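J.: Listed below, chain by chain, are the residues.
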Amino acid sequence: GAVVSQHPSWVICKSGTSVKIECRSLDFQATTMFWYRQFPKQSLMLMATSNEGSKATYEQGVEKDKFLINHASLTLSTLTVTSAHPEDSSFYICSASWGATEAFFGQGTRLTVV
Amino acid sequence: SQQGEEDPQALSIQEGENATMNCSYKTSINNLQWYRQNSGRGLVHLILIRSNEREKHSGRLRVTLDTSKKSSSLLITASRAADTASYFCATDGGTSYGKLTFGQGTILTVHP
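If you read the sequences in order, they're chains A and B. The first sequence begins at 2 in my numbering and counts up by one. The second sequence begins at 20 in my numbering and counts up by one.
Where hints are given, some of them may not hold.
If you only want the chain B side, here are some residues facing chain A, beta carbon under 10 angstroms, derived [stated by the list, open to error]:
no.	residue
1	25
2	118
3	120
4	122
5	128
6	131
Straight-line distance between alpha carbons at most 30 angstroms, and here's what the computed DSS-like set of lysine-lysine pairs gives [claimed, not checked]:
no.	chain 1	residue 1	chain 2	residue 2
7	A	56	B	75
8	A	65	A	42
9	A	42	A	21
10	B	75	A	65
11	B	45	A	56
12	A	56	A	67
13	A	42	B	75
14	B	75	B	89
15	A	65	B	45
16	B	45	A	42
What follows is a list of derived Cβ distance ranges for each label pair [said to hold, decoys possible]:
no.	chain 1	residue 1	chain 2	residue 2	range
17	A	3	B	37	29 to 39 angstroms
18	B	74	A	43	25 to 35 angstroms
19	A	69	B	63	22 to 32 angstroms
20	B	131	A	55	22 to 32 angstroms
21	A	15	B	26	25 to 35 angstroms
22	A	64	B	33	25 to 35 angstroms
23	B	80	A	84	37 to 47 angstroms
24	B	64	A	9	14 to 24 angstroms
25	B	94	A	84	42 to 52 angstroms
Since the hints were derived computationally from the structure, they do not count as laboratory data. Being a predicted model, the structure only gives us computed values, none of them experimental. Heads up, the beta-carbon is just placed ideally off N, CA and C, and yes, glycines get one too.
Okay, chain A solo, but in the shape it has when bound:
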C-alpha cells in the first residue's frame, strides 16, 4: 500500500521560533498533498492543499504567511509554522494522493509551543 511518512512525530519549540514539518510519499509520486490541523478533542480541519510546483491553496481563515507550504517535488511537501505561539500548539497531519485516488495519511506531528 501507499506509505506517507511525516517527520518529526513530535516537536517542542520556543515561542517566536519557526518549525518545519516534512511529509514524504515513500512509494508513489504525490501530485497533491493536504495539510490538516487538529486541536485537542476536536476534529481535523483542512488547512491547505498543495500541488507540486505551484502555490498552495489555503482554506479560509488560515494565514498563509504564518503557515508556509512548499511542495517542491512529487514526494515531499513541507509545512513551516513561522513565529510559533502557544495557540499554534496542535496536531498537524498531512495526506498525499495522486490523481483520482484516495489520500494516504502520515503519522502526524504534535507541536507544542512553550
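Position chain B against the provided structure of chain A, taking the given hints into account.
T.: For chain B alone, coordinates are given in the frame of chain A:
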C-alpha cells in the same frame, strides 16, 4: 468548514456489544471514508465506500451509505476493549480527490 455531523458524540458500551455510529453530510460526494484515531495518535483508515455503493463489509465492520439521505453508518460488531477510540467519517466530494472534510467524530469507549 466541517461538513459532517456524527452522532452520537460519545458512546459507551460493554465488550461484546455492537456499536453503531452515524454520519451525515451536506454536499455530493465521490466517496465516504471512516477512520479511527486512538488518543493523541494518527489516523487509521478503516473503510472506504464509494458513492455508487450501498454497503460494505470489512471484518467486524459494516458501513452503509444512503446518498439520498446523505448519511452513512458504521457498525462495529462484537466490540472489544481495543476498539476504544475516536471514529471519524470523512467525505471526499470535490474535484480534487483526496481532499477530505471530516465529521466531528464519535468517542467510543468499550468497557471490558
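J.: Each of the hints needs a verdict: does it hold here or not?
T.: Results for each hint:
Using the Cβ-Cβ criterion of 10 angstroms, the hint placing residue 25 of chain B at the interface with chain A is satisfied: the shortest such distance is roughly 9 angstroms. Checking residue 118 of chain B against chain A by beta carbon gives a least distance of about 6 angstroms; that is within 10 angstroms, so the hint holds. A cut of 10 angstroms between beta carbons decides the hint on residue 120 of chain B: the least distance to chain A is about 7 angstroms, and the hint holds. For residue 122 of chain B, the interface hint holds, since its Cβ comes within 10 angstroms of a Cβ in chain A; the closest pair sits about 7 angstroms apart.
A cut of 10 angstroms between beta carbons decides the hint on residue 128 of chain B: the least distance to chain A is about 14 angstroms, and the hint is violated. A least Cβ separation of about 24 angstroms between residue 131 of chain B and chain A goes past the 10 angstroms threshold, and the interface hint is therefore violated. Of the supplied pair hints, the one linking residue 56 of chain A and residue 75 of chain B is violated, its CA atoms being roughly 38 angstroms apart against a limit of 30 angstroms. At roughly 25 angstroms between alpha-carbon atoms, residue 65 of chain A and residue 42 of chain A fall within 30 angstroms of each other, so this suggested pair holds.
Between residue 42 of chain A and residue 21 of chain A the CA atoms are separated by roughly 24 angstroms; this keeps the pair inside 30 angstroms, and the hint holds. For a cut-off of 30 angstroms, the pair hint linking residue 75 of chain B to residue 65 of chain A is broken: about 39 angstroms separates their Cα positions. Among the hinted pairs, residue 45 of chain B with residue 56 of chain A is consistent with the structure: their alpha-carbon atoms are about 29 angstroms apart, no more than 30 angstroms. Between residue 56 of chain A and residue 67 of chain A the alpha-carbon distance is near 14 angstroms, which keeps this suggested pair within the 30 angstroms criterion.
The hinted pair formed by residue 42 of chain A and residue 75 of chain B meets the criterion: a straight-line CA distance of about 29 angstroms does not exceed 30 angstroms. Using a Cα cut-off of 30 angstroms, the hinted pair residue 75 of chain B and residue 89 of chain B holds, with the two alpha carbons roughly 16 angstroms apart. A threshold of 30 angstroms between alpha carbons decides the hint, and for residue 65 of chain A with residue 45 of chain B the separation of about 27 angstroms falls inside it, so the pair holds. The straight-line distance between the Cα atoms of residue 45 of chain B and residue 42 of chain A is roughly 23 angstroms, inside the 30 angstroms bound, and the hint therefore holds.
For the pair residue 3 of chain A and residue 37 of chain B, the supplied restraint of 29 to 39 angstroms holds, since their beta-carbon distance comes to about 31 angstroms. Checked against the hint of 25 to 35 angstroms, the pair residue 74 of chain B and residue 43 of chain A passes, with Cβ atoms roughly 30 angstroms apart. About 29 angstroms separates the C-beta atoms of residue 69 of chain A and residue 63 of chain B, a value consistent with the hinted range of 22 to 32 angstroms. Judged by the Cβ atoms, the range 22 to 32 angstroms given for residue 131 of chain B and residue 55 of chain A is violated: they are separated by roughly 51 angstroms.
Take residue 15 of chain A and residue 26 of chain B: their Cβ atoms lie about 41 angstroms apart, and the range 25 to 35 angstroms is violated. Range check, residue 64 of chain A to residue 33 of chain B: about 46 angstroms between beta-carbon atoms, so the 25 to 35 angstroms window is missed. Between residue 80 of chain B and residue 84 of chain A the beta carbon distance is about 43 angstroms. The supplied range of 37 to 47 angstroms therefore holds. Taking 14 to 24 angstroms as the suggested C-beta distance range, the pair residue 64 of chain B and residue 9 of chain A conforms, at roughly 22 angstroms.
The hint said 42 to 52 angstroms for the Cβ distance between residue 94 of chain B and residue 84 of chain A, and at roughly 46 angstroms that hint holds.
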